[in-house]
Amino acid sequence: MLANFIELFKKRDGATTLAYHHIWLENPQIKWGIIMRKQYWILLLLAICMISSCAPKESYTILYEAKKVEEEQTLKEQEIKKHFRIAYIPKVGNIPYFESVYEGVLEAAKQFDIELIYDVPTEAKAEIQMQIVEKAIQKEVDAIAVSVIDSKSLSPVLQRAREKGIKVVTWDADAEMSTRDLFVDMVDAENLGRHLMDQLALQTNEVGEFAIMTGSFSANNHNEWVKWIQTQWKEYYPNMKLVEVVSTNDDPQKAYAVAKTLLANYPSLKGIIGNSSVGPPAAAQAVKDTQKVGEVAVVGLSTPNLMRSYLHDGSAQVATLWSPKKLGYLTIALTQYLLTNKPITDNDVIQRVGAIRFEEQQRRIIMGEPIDFTKENVDQYEF
Amino acid sequence: MNFNRWRFRNFSLRNKLLISYIVITILPTALLGYIAYSQYVLSVERQVGMYVPRLLNQANNNLERQIDQYYDEMSQLYSQTDVMTILRNPSYQNVSSMRQDIHKVENYLAGAFMEGSREYIIGAFIASNNRLFEYTRLTYTSGYSTKDKIGFYGQSYILPTEEQIFFPHETAIQFNGDKPYVLLVKQIIDYENRNNLGTLFVALDLEFMQKTLSTVDEQDEANMWMVDSKQYIIYHSNARLIGTIDKEMKQYPILNGSFQSDSILYSGAQSVHNRWTFLHSIPVEHLTEEADLVKNLTVISFIAIISLAIFSSILLAWGVAKPIQRLVKEMKKAEKGNFDIYLPDKYNNEVGTLSKAFTKMLHEIEELIDEKYEIELKQKEAELYALQSQINPHFMYNTLENIAFMVEGGEQELVVDMVTNLGRMLRYSLGNKDQLVPLQKELRHADDYLMIQKARFEESLTYMIQVDPILKDKILPKFLLQPLIENALEHAFIVGQVLKIQINVTSEKGLMIIVVEDNGIGMEQNRLTFLEQQLVSEHIINKDDSFGLTNVNGRLVLHYGSEYRLEINSLLGIGTKIILKIPIDGGSDQQNEWEH
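So the sequence lines, in the order shown, correspond to chains A and B. Quick note on this note's numbering: the first sequence kicks off at 1 and runs consecutively. Quick note on this note's numbering: the second sequence kicks off at 384 and runs consecutively.
Some hints could be false.
Unchecked claim - Computed far set for chain A versus chain B, every beta-carbon distance over 12 Å: (1) 85; (2) 94; (3) 120; (4) 123; (5) 190; (6) 238; (7) 247; (8) 256; (9) 292; (10) 314; (11) 340; (12) 359; (13) 364.
Stated by the list, open to error - Label pairs and their in silico Cβ distance ranges: (14) 139(A) x 493(B): 48 to 58 Å; (15) 634(B) x 139(A): 48 to 58 Å; (16) 493(B) x 377(A): 20 to 30 Å; (17) 152(A) x 513(B): 51 to 61 Å; (18) 493(B) x 234(A): 40 to 50 Å; (19) 468(B) x 176(A): 33 to 43 Å.
Source of the hints: derived by calculation from the structure; they are not laboratory data. For every residue, glycine included, the Cβ atom is placed at its ideal position computed from N, Cα and C.
Extracted from the complex, chain A is given alone in its bound form (with noise of 0.2 Å):
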């Protein structure tokens, strides 16, 4: 049948080209046409040859192409990441605790490009702080990440920010939660309160009078760690006698007086925590100088190496805190965190810092567990 195909095509062309051909003397044109009948077959095969031969031999066909999330997700991420300014504020600028914490800012303002608008209140006073927020408003800064001084005071000035689209992270110390879009929390209150409680009782074998320098009583987290600290007192040590709470108002030289006054006033005291990092060096001091030591247990929040001297020598036992360089890293990193949108959810693990905790209603994060720093282990901290 085949064969017979190729035999009618033959012999039709071949009968076409003859019947034509007297036409194509007179017209040229036609002859074209009859060329391309004539050749018609062996252009199609020509051009299936071509098709199939002149194709790359390493042709792809991409059958299905998966959807790059991953891809999008990082070129947004590039869209995003700017230059971003913040405002760092911290309470007071002059003592070992904050610059410790600015040693961190500075770490992740490095990592992470970031302008640092670094404006420090001289002293530790709510309206100084607040003519520092207000500037760093001014500058129309991208986020500002403060340790707020005055909860009561700074709040309408931090909601004022938040207005212009100002990203507020509170860290060390918190405002009124709707004034702020994240408190970095460096450890949970109510643990670190009934921790420094046994810390201390742990000194006095949970007998006599002892009293607390908290920072100042201004402070909500001051003020959380007084309540649980108490709460834990009233819980567990009935043989001991909570005798003051006073405040130092993070001024070394006034914690040293402080602590002097007690020292005097309670000849029978056996303990002091301080609750903010000038306390318990001060009282250490103050206990060393007034030949106390060994008679009055020192235990609280402060540095290692404001408390490397006393606990070698026996004027304080324990200090307990946070890594401060750790927060300011922190704090910068999640303020990051805020400017690009990336979300936080409890037990992430940040980089360089390690597993947080994040109370999602309360836009609390945890940083961790504080260090107890004792004769043993202080030299291991540089901070």
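With chain A fixed as given, assemble chain B onto it according to the hints.
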């Protein structure tokens, strides 16, 4: 033109039917089959092309989860305060305290990474502050001295991310027996002091991957491999290829998804967090194995069905076309005048009806023709008969006048002879029921006639009749000779010359040859030609004076066929010779035929 033959409409019915059957049945089935098959293959490829990347992604995720677990275990280091303390304190007072620390850390490494279910870990190292702590299952070699290694990976070495994977070609470590491995690297960061304490390495035997990949890599024909961004093959289902470079990879159009090259289906999935890509390849024919089986079966059955279809369509086409072709053949035969056709009566369909009708029609035509022929023949015969049987009135008159003279002259004997002769002639004429008579009788009649004429013309006429005796009983039509003699008597007389009429009957090659010859006036050439034309022409009857000749000729032709015409030879002034040829006994057959 010859090419007209190749136009479809000029094809024979059989070929048309065949082509139509093939076009209607085979082409659509073949096309349908082809399309169905190719679509199926395409859909299988697409499905696999979507399915495999998902599997690969799953494998990726599994692997990443596994690796994350290992990283989690590595992170446990942070809770080891002893170890952390050692790592934070790089300076030693004496060797023994350093050895003590090394012992502690290596114990930790052994306990944390080498015990229990962590069978795939072949080694763990901590490089920290110019110290190297290590614990390995296998001995290893490294291109660097221990000191260099520490310098390289120690405290100063900062990774872009805290956790990272090194592939074998990125490190100088080589385990005993070239065991393929990946190196999980974790920066040990002192979160509190914000500095790097060193780096923790865990070498993982690649076998840990095999387990994960075996879920994907089920088929024997399939290949699966894992490459890093530099085309280095970290893992391959063909173990020999581990550690080589995948040269083709640069040409792959995508790494997330599936693509096809020649007959191989490739799939790929990139790791989200790490720098590897899983690739999978499988020959397409393996995927379409089942389809191919079905295809082959289909093709075989298709061919079977097709050949059956062709066979049956040939039969069918022939069944339709053959009787028609035969009909056409027979019709052509009939057209040429041969009504002797045979058409088998076996079909009961339209063709059969057509055949029957045609046969019937032919028969009717034949009958009609025969009928008409016979009628005409009879008519002519009758006409001729009527003519021939006429005794010329002139002749009668002359004869009777002669007899009257003779009676007057008293020639009684002669009168008796004349009357006898005339009586015999009349009797011969009347007794004309027999159309055919023996030669003898015809000659007798001619003799009678001539005798009567002799009596009339006396010395002016002589005649002679010669006959081969064996022919005497041969049969010939009646009244053949008389018109010829009449003709001679009418036209041949030359005044003052004796007219000799000679009748010779001889036989030659089965023919009776009768020659009637006279020495009369003869004929002019024109007249002869005219006469010959008259003889050939169909019209037997004319009222010409040559009526006698044409009559005889017509009857001869009627009886014996056109080849038995009269022959006339004549020369002016010399005489005329008329030759009759009659087949001896031959006429009887034809006469029989006429009677049909």
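So residue 120(A) supposedly isn't at the interface. Is its beta-carbon more than 12 Å from every beta-carbon in chain B? 20 Å, holds
Range hint 40 to 50 Å (beta carbons of residue 493(B) and residue 234(A)) holds or violated: 48 Å, holds
Taking 12 Å as the cut and beta carbons as the points, is residue 314(A) off the interface with chain B? Check passes; 21 Å lies beyond 12 Å.
Looking only at beta-carbon atoms, does the pair residue 468(B), residue 176(A) fall within the given range of 33 to 43 Å? Once the Cβ atoms are compared, 42 Å apart, the range 33 to 43 Å for residue 176(A) and residue 468(B) holds.
With 48 to 58 Å as the target window, see if residue 634(B) and residue 139(A) comply at their CB atoms. 53 Å, holds
Starting from the range 48 to 58 Å, see whether the pair residue 139(A) and residue 493(B) falls in it by beta-carbon distance. 56 Å, holds
For the range 51 to 61 Å, tell me whether the beta carbons of residue 152(A) and residue 513(B) fit it or not. 53 Å, holds
Does the claim that residue 364(A) lies outside the interface with chain B hold up, using a Cβ gap greater than 12 Å? 20 Å, holds
Is it the case that residue 256(A) keeps its Cβ farther than 12 Å from each residue Cβ in chain B? 27 Å, holds
Least C-beta distance between residue 94(A) and chain B, which was stated to exceed 12 Å: Nearest chain B Cβ is 21 Å from residue 94(A), so the label holds.
Against chain B, does residue 190(A) hold up as non-interface, every C-beta pair farther apart than 12 Å? It holds; residue 190(A) is separated from chain B by about 22 Å at its closest Cβ, greater than 12 Å.
Status of residue 123(A), Cβ more than 12 Å from any chain B Cβ: The claim stands: residue 123(A) keeps its Cβ more than 12 Å from every Cβ of chain B (closest is about 28 Å).
When held up to the earlier numbered hints, the structure conflicts with none and fits them all.
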